[in-house]
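Number of protein chains: 2
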Amino acid sequence: MKKIAIQGEVGSFHDIAAHEYFSGEQIELACCSTFEEIFNAIRRDPTTIGMLAIENTIAGSLLHNYELLRQSDVTIIGEHKLHIEHSICCLPEDDWESIKEVHSHPVALQQCRNFLSAHAELKAVEAEDTAGSAEYIASHHLSGWAAICSAYAADIYGMKVLEQDIHDNKHNYTRFLVVANPLEAPELFPANKATKASLVFSLPHEEGSLSKILTILSFYGINLTKIQSLPIIGHEWEYLFYVDVTFDSFTRYRQSIDAITPLARNIKILGEYSEC
Amino acid sequence: MKKIAIQGEVGSFHDIAAHEYFSGEQIELACCSTFEEIFNAIRRDPTTIGMLAIENTIAGSLLHNYELLRQSDVTIIGEHKLHIEHSICCLPEDDWESIKEVHSHPVALQQCRNFLSAHAELKAVEAEDTAGSAEYIASHHLSGWAAICSAYAADIYGMKVLEQDIHDNKHNYTRFLVVANPLEAPELFPANKATKASLVFSLPHEEGSLSKILTILSFYGINLTKIQSLPIIGHEWEYLFYVDVTFDSFTRYRQSIDAITPLARNIKILGEYSEC
Chain Z
-14 MKKIAIQGEV
-4 GSFHDIAAHE
6 YFSGEQIELA
16 CCSTFEEIFN
26 AIRRDPTTIG
36 MLAIENTIAG
46 SLLHNYELLR
56 QSDVTIIGEH
66 KLHIEHSICC
76 LPEDDWESIK
86 EVHSHPVALQ
96 QCRNFLSAHA
106 ELKAVEAEDT
116 AGSAEYIASH
126 HLSGWAAICS
136 AYAADIYGMK
146 VLEQDIHDNK
156 HNYTRFLVVA
166 NPLEAPELFP
176 ANKATKASLV
186 FSLPHEEGSL
196 SKILTILSFY
206 GINLTKIQSL
216 PIIGHEWEYL
226 FYVDVTFDSF
236 TRYRQSIDAI
246 TPLARNIKIL
256 GEYSEC
Chain U
-14 MKKIAIQGEV
-4 GSFHDIAAHE
6 YFSGEQIELA
16 CCSTFEEIFN
26 AIRRDPTTIG
36 MLAIENTIAG
46 SLLHNYELLR
56 QSDVTIIGEH
66 KLHIEHSICC
76 LPEDDWESIK
86 EVHSHPVALQ
96 QCRNFLSAHA
106 ELKAVEAEDT
116 AGSAEYIASH
126 HLSGWAAICS
136 AYAADIYGMK
146 VLEQDIHDNK
156 HNYTRFLVVA
166 NPLEAPELFP
176 ANKATKASLV
186 FSLPHEEGSL
196 SKILTILSFY
206 GINLTKIQSL
216 PIIGHEWEYL
226 FYVDVTFDSF
236 TRYRQSIDAI
246 TPLARNIKIL
256 GEYSEC
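So the sequence lines, in the order shown, correspond to chains Z and U. Counting with our numbering, you get residues -14 to 261 for the letters of the first sequence. Counting with our numbering, you get residues -14 to 261 for the letters of the second sequence.
Next comes chain Z alone, as it looks inside the complex (with noise of 0.2 angstroms):
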């Protein structure tokens, strides 16, 4: 049995990614309340592997958890997309009539701006998790407060669901990455399969140097993603970049990253894994 560190509680969109990712096989969920424990729960038993969100549609880049995984010495062996989707639950005894607040983490409350916006009269309060607040609600029993969270986390906590589907857009995904002990990666997904990998790596503030390492990825027939630039703290001229590419050739991609190695400063590959 496999045991998977997530953020958040039974019921959370991480369980839900963690289950549609390992669809068909036996899981233990080790529940984190930070992404930080996410990494010492690797750190402590190398066998375990983490699930970490990576970035969403409207939220954009979870910008710290980039930053975890750049310091940290796991590696991405997959990656898995969720749609996400909101509900408003209560007690079963609650309804629309007697809630007075509604529980939630602050970037699920920010992404029911419409939804709160017509029901001014319910108070947001932030809370940890959104499956968290349900299960708050449910074990203590507490009339008038409600949940954000999934259908799917209201179920297991046995809350009743006042209204599906309250997200104001309906194009939310979330992007979640697999992340394992670089000694146990190989056995859990072998780097010659991959088709997809995460880079980072830093680039002097200087004309074209960018664009030297891109000209020289599309010569090897390497596919960008994703590309975010972030300006190193301390460092005024000197930048970072996140990199996602595609490729269908392993040997080809790994010749690529030979050929941009000395023209970038400590690039550091995340991972190499299976685009899904």
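No wet-lab data here; the hints were simulated from the structure. Treat the hints loosely; a few may be bogus.
Straight line, CA to CA, 25 angstroms or less: simulated DMTMM-like cross-link-like pairs of lysine to aspartate or glutamate [as the list claims (entries may be wrong)]: (1) Lys197/Z to Glu113/U; (2) Lys108/U to Glu106/Z; (3) Lys66/U to Glu13/U; (4) Lys181/U to Glu223/Z; (5) Lys197/U to Glu191/Z; (6) Lys66/U to Glu192/Z; (7) Lys108/Z to Asp233/U; (8) Lys85/U to Glu86/Z; (9) Lys155/Z to Glu192/U; (10) Lys253/U to Glu191/U; (11) Lys85/U to Glu113/Z; (12) Lys211/U to Glu192/Z; (13) Lys108/Z to Glu21/U; (14) Lys211/U to Glu52/Z; (15) Lys155/Z to Glu13/U; (16) Lys197/Z to Glu192/U; (17) Lys211/Z to Glu22/U; (18) Lys108/Z to Asp79/U; (19) Lys66/Z to Glu191/U; (20) Lys66/U to Glu113/U; (21) Lys197/U to Asp233/Z; (22) Lys66/U to Glu82/Z; (23) Lys197/Z to Glu191/U; (24) Lys181/Z to Glu223/U; (25) Lys85/U to Glu106/Z; (26) Lys85/Z to Glu223/U.
With chain Z fixed as given, assemble chain U onto it according to the hints.
Quick look at chain U alone, frame taken from chain Z:
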């Protein structure tokens, strides 16, 4: 007197940024509760200037504001970088012992996560605005409530600062854009004095399509200071690129735009302005 539309209340970080950017000038603030309203205010009164946050060193880019900018007909005429410093404040007669909940904008709450963890007895409540929370507590005389906002806002609303600099990361900077109606822009900032520009364009998901654009820019001596790719929802194989460039020669910059235009789709210059 210039009329500046900002997001948030008097005392908000947008207010501070506007007063710093227009220091020495008389300005009148038009406080908007959403970023959309800033654009509406400029549409209603073309002489109104807008000021909106576009990225933060910790939270990343405000993708929604990029999208508003792309779809609007306003142009960027300037930028300003502000060091974000959060304080916790309450009514003068309240103190650590008597406060029970702390209200602020979700991003501000997130940026003070360590502080809030260390004060688990305080319930974090999401509000529209940082300064707005201070204003609300002061005007309703809400004993037991605290707000997270700037020390400047606390002072404006006669609140007592309990602790300053409660944000986790001291390198917390927000970059603001100054935007205006394009017909008014030349008088506010003559484009030929520009040293920086923001562009958006789309590219097919094709090997080397981005590297061609960046190579041409580098041939013209144009520096890249930011690049961010975004998938276009509903167009699986097409990407949007938001790019900031800096340059010494405005003529060379304009020539480089002419040179890349045939290779990019729907290129739009979001503004030409002075690097800050």
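Hint by hint, here is what the structure shows:
1. Lys197/Z to Glu113/U: violated (44 angstroms)
2. Lys108/U to Glu106/Z: holds (19 angstroms)
3. Lys66/U to Glu13/U: The hint holds at about 20 angstroms.
4. Lys181/U to Glu223/Z: holds (17 angstroms)
5. Lys197/U to Glu191/Z: The hint holds at about 17 angstroms.
6. Lys66/U to Glu192/Z: Status holds; Cα separation ~23 angstroms.
7. Lys108/Z to Asp233/U: violated (51 angstroms)
8. Lys85/U to Glu86/Z: Distance of about 16 angstroms is within 25 angstroms: holds.
9. Lys155/Z to Glu192/U: violated (30 angstroms)
10. Lys253/U to Glu191/U: holds (20 angstroms)
11. Lys85/U to Glu113/Z: holds (18 angstroms)
12. Lys211/U to Glu192/Z: holds (13 angstroms)
13. Lys108/Z to Glu21/U: holds (23 angstroms)
14. Lys211/U to Glu52/Z: holds (18 angstroms)
15. Lys155/Z to Glu13/U: violated (38 angstroms)
16. Lys197/Z to Glu192/U: Given that 25 angstroms is the threshold and the Cα spacing comes to 14 angstroms, the pair holds.
17. Lys211/Z to Glu22/U: violated (31 angstroms)
18. Lys108/Z to Asp79/U: Roughly 23 angstroms between the alpha carbons, so the hint for Lys108/Z and Asp79/U holds.
19. Lys66/Z to Glu191/U: Status holds; Cα separation ~22 angstroms.
20. Lys66/U to Glu113/U: holds (22 angstroms)
21. Lys197/U to Asp233/Z: Judged against 25 angstroms, a Cα distance of about 21 angstroms means the pair holds.
22. Lys66/U to Glu82/Z: With a Cα-Cα distance of about 46 angstroms, the restraint between Lys66/U and Glu82/Z is violated, given a limit of 25 angstroms.
23. Lys197/Z to Glu191/U: holds (17 angstroms)
24. Lys181/Z to Glu223/U: holds (18 angstroms)
25. Lys85/U to Glu106/Z: holds (21 angstroms)
26. Lys85/Z to Glu223/U: violated (44 angstroms)
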